[in-house]
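Enquirer: So the sequences go chain by chain: X and D.
Counting from 1, one number per residue, gives the positions in the first sequence under our numbering.
Counting from 1, one number per residue, gives the positions in the second sequence under our numbering.
Treat the hints as calculated values from the structure; they're not laboratory data.
Possibly wrong hints are sitting among the right ones.
As the list claims (entries may be wrong) - Straight line, CA to CA, 30 Å or less: simulated DSS-like cross-link-like pairs of lysine-lysine:
{"no.": "1", "chain 1": "X", "residue 1": "Lys243", "chain 2": "X", "residue 2": "Lys214"}
{"no.": "2", "chain 1": "X", "residue 1": "Lys397", "chain 2": "D", "residue 2": "Lys293"}
{"no.": "3", "chain 1": "D", "residue 1": "Lys279", "chain 2": "D", "residue 2": "Lys243"}
{"no.": "4", "chain 1": "D", "residue 1": "Lys365", "chain 2": "D", "residue 2": "Lys17"}
{"no.": "5", "chain 1": "D", "residue 1": "Lys279", "chain 2": "D", "residue 2": "Lys17"}
{"no.": "6", "chain 1": "X", "residue 1": "Lys340", "chain 2": "X", "residue 2": "Lys293"}
{"no.": "7", "chain 1": "X", "residue 1": "Lys189", "chain 2": "X", "residue 2": "Lys138"}
{"no.": "8", "chain 1": "D", "residue 1": "Lys365", "chain 2": "D", "residue 2": "Lys156"}
{"no.": "9", "chain 1": "X", "residue 1": "Lys397", "chain 2": "D", "residue 2": "Lys214"}
{"no.": "10", "chain 1": "D", "residue 1": "Lys232", "chain 2": "D", "residue 2": "Lys258"}
{"no.": "11", "chain 1": "D", "residue 1": "Lys138", "chain 2": "D", "residue 2": "Lys156"}
{"no.": "12", "chain 1": "X", "residue 1": "Lys144", "chain 2": "X", "residue 2": "Lys214"}
{"no.": "13", "chain 1": "X", "residue 1": "Lys365", "chain 2": "D", "residue 2": "Lys365"}
{"no.": "14", "chain 1": "D", "residue 1": "Lys189", "chain 2": "X", "residue 2": "Lys397"}
{"no.": "15", "chain 1": "X", "residue 1": "Lys156", "chain 2": "X", "residue 2": "Lys121"}
{"no.": "16", "chain 1": "X", "residue 1": "Lys365", "chain 2": "X", "residue 2": "Lys17"}
{"no.": "17", "chain 1": "X", "residue 1": "Lys306", "chain 2": "X", "residue 2": "Lys340"}
{"no.": "18", "chain 1": "X", "residue 1": "Lys397", "chain 2": "X", "residue 2": "Lys17"}
{"no.": "19", "chain 1": "X", "residue 1": "Lys397", "chain 2": "D", "residue 2": "Lys258"}
{"no.": "20", "chain 1": "D", "residue 1": "Lys293", "chain 2": "D", "residue 2": "Lys306"}
{"no.": "21", "chain 1": "D", "residue 1": "Lys306", "chain 2": "X", "residue 2": "Lys397"}
{"no.": "22", "chain 1": "X", "residue 1": "Lys243", "chain 2": "D", "residue 2": "Lys342"}
{"no.": "23", "chain 1": "X", "residue 1": "Lys138", "chain 2": "X", "residue 2": "Lys258"}
{"no.": "24", "chain 1": "X", "residue 1": "Lys397", "chain 2": "D", "residue 2": "Lys156"}
{"no.": "25", "chain 1": "X", "residue 1": "Lys397", "chain 2": "D", "residue 2": "Lys342"}
{"no.": "26", "chain 1": "D", "residue 1": "Lys156", "chain 2": "D", "residue 2": "Lys214"}
{"no.": "27", "chain 1": "D", "residue 1": "Lys258", "chain 2": "D", "residue 2": "Lys279"}
{"no.": "28", "chain 1": "D", "residue 1": "Lys279", "chain 2": "D", "residue 2": "Lys293"}
{"no.": "29", "chain 1": "X", "residue 1": "Lys293", "chain 2": "X", "residue 2": "Lys243"}
{"no.": "30", "chain 1": "X", "residue 1": "Lys17", "chain 2": "D", "residue 2": "Lys342"}
{"no.": "31", "chain 1": "D", "residue 1": "Lys121", "chain 2": "X", "residue 2": "Lys397"}
{"no.": "32", "chain 1": "D", "residue 1": "Lys121", "chain 2": "D", "residue 2": "Lys156"}
{"no.": "33", "chain 1": "D", "residue 1": "Lys121", "chain 2": "D", "residue 2": "Lys139"}
Claimed, not checked - Derived contacts from chain X toward chain D, CB cut-off under 7 Å, selection only:
{"no.": "34", "residue": "Met387"}
{"no.": "35", "residue": "Ala390"}
{"no.": "36", "residue": "Tyr398"}
Unchecked claim - Partial list, derived from the structure: chain D residues whose beta carbon lies under 7 Å from chain X:
{"no.": "37", "residue": "Pro33"}
{"no.": "38", "residue": "Val62"}
{"no.": "39", "residue": "Thr67"}
{"no.": "40", "residue": "Gly69"}
By construction, the Cβ of each residue, glycine as well, lies at the ideal position given by its N, Cα and C atoms.
Chain by chain, the residues run as shown.
There are 2 protein chains.
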Amino acid sequence: MNIHELIAELRESNPSKIVLLVADGLGGLPLEPGGTTELETARTPNLDACARDGVCGLSIPVLPGITPGSGPGHLGLFGYDPLEYRIGRGILEALGINFHVTPRDVAVRGNFVTLENGLIKDRRAGRPTTERCVEMVKKMRAVKIPGVEVFVEPVKEHRFVAVFRADGLGDRVNDTDPQAIGVAPLAAKGGDEPSEKTAAAVNEFIRQVNEILKDDGPTNGATLRGFAKFPKIGTMQEVYGLKSAAIAVYPMYKGLAKLVGMDVLDAGDSLESQVATLKRVWGQYDFFFLHYKYTDSTGEDGNFPKKVEMIERLDGIIPSMLELNPDVFIVTGDHSTPSKMKSHSWHPVPTLIRAATARTDSVMKFGESTCLQGGLGQFEAKHLMLMAMAHAGRLGKYGA
Amino acid sequence: MNIHELIAELRESNPSKIVLLVADGLGGLPLEPGGTTELETARTPNLDACARDGVCGLSIPVLPGITPGSGPGHLGLFGYDPLEYRIGRGILEALGINFHVTPRDVAVRGNFVTLENGLIKDRRAGRPTTERCVEMVKKMRAVKIPGVEVFVEPVKEHRFVAVFRADGLGDRVNDTDPQAIGVAPLAAKGGDEPSEKTAAAVNEFIRQVNEILKDDGPTNGATLRGFAKFPKIGTMQEVYGLKSAAIAVYPMYKGLAKLVGMDVLDAGDSLESQVATLKRVWGQYDFFFLHYKYTDSTGEDGNFPKKVEMIERLDGIIPSMLELNPDVFIVTGDHSTPSKMKSHSWHPVPTLIRAATARTDSVMKFGESTCLQGGLGQFEAKHLMLMAMAHAGRLGKYGA
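Using the sequences and the accompanying hints, generate a full structural model.
Expert: In structure tokens:
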């Protein structure tokens with residue numbers, strides 16, 4: 001029996017409220033052996049009080065040593081085994097620009113390239129400005145394919161998203177990007193009958209694009225990679241019986257929340273506006289996912305003191321969330337982003353659960369080393385929602 | 001390879017003795033954040049000495065957040081994955097009243113109900129006394145079904161157990177209890193051919209019962225739910241090569257032990273008589289399961305000081321067990337039952353293994369927070385028997 005089947009069997013309904021606050025890339029590293037991490041360096045009286053009154057531990061996003069992207073990182077926290085539920089690149093790109101993907105769509109990531117005599121001379125078309133990307137995308141919208149709707153959206157610089165919409169399209173289509181220069185882009189081929197239909201549309205799309213852009217060097221061609229359909233995935237309502245709201249600022253996280261069926265609310269662009277939204281809709285939902293980006297972006301920038309500052313800002317907003325008296329209040333991250341590494345990492349992520357049913361432990365301060373002593377131990381992220389449901393009294397007894 | 005296949009490959013025989021002492025519902029919660037649990041409050045010098053001389057940890061009964069019933073809780077401790085081996089309600093009820101179930105049986109839980117014009121007016125027949133339950137059950141024994149033996153046994157108040165015995169009966173039969181009032185009980189239907197045979201017997205049983213009880217309002221009808229066959233399950237002898245004895249007071253736990261092929265011994269009705277039994281049969285078995293109920297029942301009652309007292313009583317008996325010099329002495333629980341929650345819970349269960357081969361750790365006192373520092377870490381209950389076998393020198397090397 002998998003976890004979702006087990007939950008379907010055990011889940012119960014009650015008026016409890018669960019808040020999952022995800023500080024993206026929360027975990028970090030000390031700059032020197034024996035030093036403190038960003039979280040341990042930050043002054044966090046409010047998170048520390050939650051750690052003291054709750055139970056702590058460390059979340060392993062996927063498996064020991066596996067560094068996740070945002071997609072698998074969040075799927076794990078939402079209780080979807082990231083090794084079982086995979087989101088294709090095309091879909092993630094589309095979610096990232098807030099494109100509303102439907103089950104009839106095949107989405108794909110596109111690159112502008114420079115072609116010379118039909119061969120790729122520059123795989124990123126000399127990194128055009130985003131303004132030029134937008135201009136080229138507008139031209140590409142002239143493409144018409146009988147029986148298939150095509151959408152093209154700019155992302156950034158040389159990157160765009162294409163979405164093919166029709167009944168019966170498959171996503172088993174090879175990348176047209178050969179990942180090499182001096183060769184021609186590859187033709188698309190379908191791995192099954194629905195995907196052959198997609199491949200035909202893709203090849204026609206590329207044919208027309210090459211015609212449309214032929215005088216627009218260096219952005220006179222395009223390659224595509226990561227054809228993907230919207231994955232079949234049970235909603236949070238279906239899996240947990242939780243009416244769920246996402247209160248996020250960045251499109252990628254709104255998209256990931258939409259993927260699991262959350263209502264994506266207008267959250268403004270700051271922690272303060274996010275909390276205002278939380279308060280406004282408090283009576284209407286069971287589960288609230290709040291996403292905070294800046295612990296990740298400062299880590300990616302390698303800016304240790306700035307990440308510390310962003311953690312302290314987050315700490316400052318905690319009391320206004322606790323005013324609502326959530327039955328279960330969880331703080332964690334989708335992965336670590338140590339400033340020292342300037343990238344996502346595999347290191348387990350500090351996690352706390354504050355609830356009346358928590359078995360409190362000796363942890364008095366929220367940090368990587370203190371959480372090692374916590375009652376949650378080190379656990380796989382995909383089990384976090386089981387713990388959330390249990391602490392909320394929403395899981396009945398298994399077996400008599 | 002599953003765990004049992006691995007054990008079958010590695011297991012070795014020697015004269016070692018393993019004692020598994022299960023304090024039902026052992027784990028608890030502090031009443032206030034930062035307070036002590038029942039176990040931490042109790043004065044337990046003997047358990048503390050075992051913790052000091054052995055290795056400690058916390059057992060996760062099923063998965064994080066999953067609260068088990070007694071069945072899955074014990075199966076896990078006996079090394080049978082509780083998500084793989086499921087025991088139907090009917091079988092558990094039959095085990096609970098010490099009914100000897102055979103592989104030809106389909107057992108089911110019954111409720112007396114009040115019928116009015118064929119519709120259910122009260123799903124529990126006004127909660128009759130157990131005396132009346134016994135009286136009604138005696139009447140029901142008049143039921144005769146050609147080709148199928150039927151046994152009816154009283155449980156308590158409105159509850160009874162019915163067992164249908166014949167070759168080729170299946171248990172894919174729906175509950176006849178509609179779990180609603182103002183409607184008629186449901187007819188039984190079989191989900192496959194053997195279960196159709198059961199369903200036919202069930203419908204005939206109900207027809208005769210309705211006739212027999214028709215003037216016995218308010219207990220003038222019956223519904224059935226949880227049809228179940230005895231699960232196919234390897235015995236402790238088959239899986240581990242351990243000649244195993246159960247020394248338990250309550251029928252449910254005797255039944256669970258019988259399920260995995262243990263010899264169920266006459267254990268009297270006290271810890272003292274259980275230990276006397278242990279001493280009497282010490283030379284005849286390899287493995288001894290002792291069950292202590294009162295840590296659970298006092299937790300269920302929400303009686304914190306009484307649970308503390310019951311833990312101290314258990315502690316008092318430990319030296320008389322250790323006199324026998326078991327090679328491996330394990331103390332754990334099948335789940336937590338915090339007095340604060342008055343119910344089973346998912347919280348991990350303090351566990352100790354005392355053995356000459358244990359890697360001792362820093363734990364000097366047996367309790368939830370100290371066990372967090374223990375050498376066993378947090379582990380799934382289904383792995384405990386692997387540890388028992390290993391510490392007893394009964395598992396050979398895997399691979400060359």
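Enquirer: Confirm or reject each hint.
Expert: Against the structure, the hints come out as follows:
1. X:Lys243 <-> X:Lys214: violated, 50 Å
2. X:Lys397 <-> D:Lys293: Within the cut-off at roughly 18 Å; holds.
3. D:Lys279 <-> D:Lys243: holds, 16 Å
4. D:Lys365 <-> D:Lys17: holds, 25 Å
5. D:Lys279 <-> D:Lys17: Distance of about 12 Å is within 30 Å: holds.
6. X:Lys340 <-> X:Lys293: Cα-Cα ~18 Å, so holds.
7. X:Lys189 <-> X:Lys138: Since the Cα atoms of X:Lys189 and X:Lys138 sit roughly 27 Å apart, the hinted pair holds (cutoff 30 Å).
8. D:Lys365 <-> D:Lys156: violated, 40 Å
9. X:Lys397 <-> D:Lys214: violated, 36 Å
10. D:Lys232 <-> D:Lys258: Holds: D:Lys232 and D:Lys258 sit about 13 Å apart, inside 30 Å.
11. D:Lys138 <-> D:Lys156: holds, 14 Å
12. X:Lys144 <-> X:Lys214: With a Cα-Cα distance of about 17 Å, the restraint between X:Lys144 and X:Lys214 holds, given a limit of 30 Å.
13. X:Lys365 <-> D:Lys365: Holds: X:Lys365 and D:Lys365 sit about 24 Å apart, inside 30 Å.
14. D:Lys189 <-> X:Lys397: holds, 27 Å
15. X:Lys156 <-> X:Lys121: Judged against 30 Å, a Cα distance of about 20 Å means the pair holds.
16. X:Lys365 <-> X:Lys17: At roughly 25 Å apart (the allowed maximum being 30 Å), X:Lys17 and X:Lys365 satisfy the hint.
17. X:Lys306 <-> X:Lys340: This hinted pair holds, its Cα atoms lying about 12 Å apart.
18. X:Lys397 <-> X:Lys17: It holds: about 20 Å lies between the C-alpha atoms, which stays within 30 Å.
19. X:Lys397 <-> D:Lys258: holds, 23 Å
20. D:Lys293 <-> D:Lys306: holds, 13 Å
21. D:Lys306 <-> X:Lys397: Holds, because 24 Å separates the two Cα atoms, which is no more than 30 Å.
22. X:Lys243 <-> D:Lys342: With a Cα-Cα distance of about 28 Å, the restraint between X:Lys243 and D:Lys342 holds, given a limit of 30 Å.
23. X:Lys138 <-> X:Lys258: Status holds; Cα separation ~27 Å.
24. X:Lys397 <-> D:Lys156: Holds - the C-alpha atoms of D:Lys156 and X:Lys397 are around 21 Å apart, at most 30 Å.
25. X:Lys397 <-> D:Lys342: Distance ~13 Å between X:Lys397 and D:Lys342 Cα, so the pair holds.
26. D:Lys156 <-> D:Lys214: Answer holds: D:Lys156 to D:Lys214 is near 21 Å, not above 30 Å.
27. D:Lys258 <-> D:Lys279: holds, 21 Å
28. D:Lys279 <-> D:Lys293: OK: D:Lys279 and D:Lys293 at ~20 Å, within 30 Å.
29. X:Lys293 <-> X:Lys243: holds, 24 Å
30. X:Lys17 <-> D:Lys342: holds, 22 Å
31. D:Lys121 <-> X:Lys397: Roughly 28 Å separates the two Cα atoms, so the pair holds.
32. D:Lys121 <-> D:Lys156: holds, 20 Å
33. D:Lys121 <-> D:Lys139: holds, 22 Å
34. Met387: Hint on X:Met387: holds, closest Cβ of chain D at ~4 Å, below 7 Å.
35. Ala390: holds, 4 Å
36. Tyr398: holds, 5 Å
37. Pro33: Given a least distance of 5 Å, the restraint on D:Pro33 holds.
38. Val62: Hint on D:Val62: holds, closest Cβ of chain X at ~6 Å, below 7 Å.
39. Thr67: holds, 5 Å
40. Gly69: OK, holds: D:Gly69 within 7 Å of chain X, min 4 Å.
The structure is inconsistent with the numbered hints 1, 8, 9, although it conforms to all the rest.
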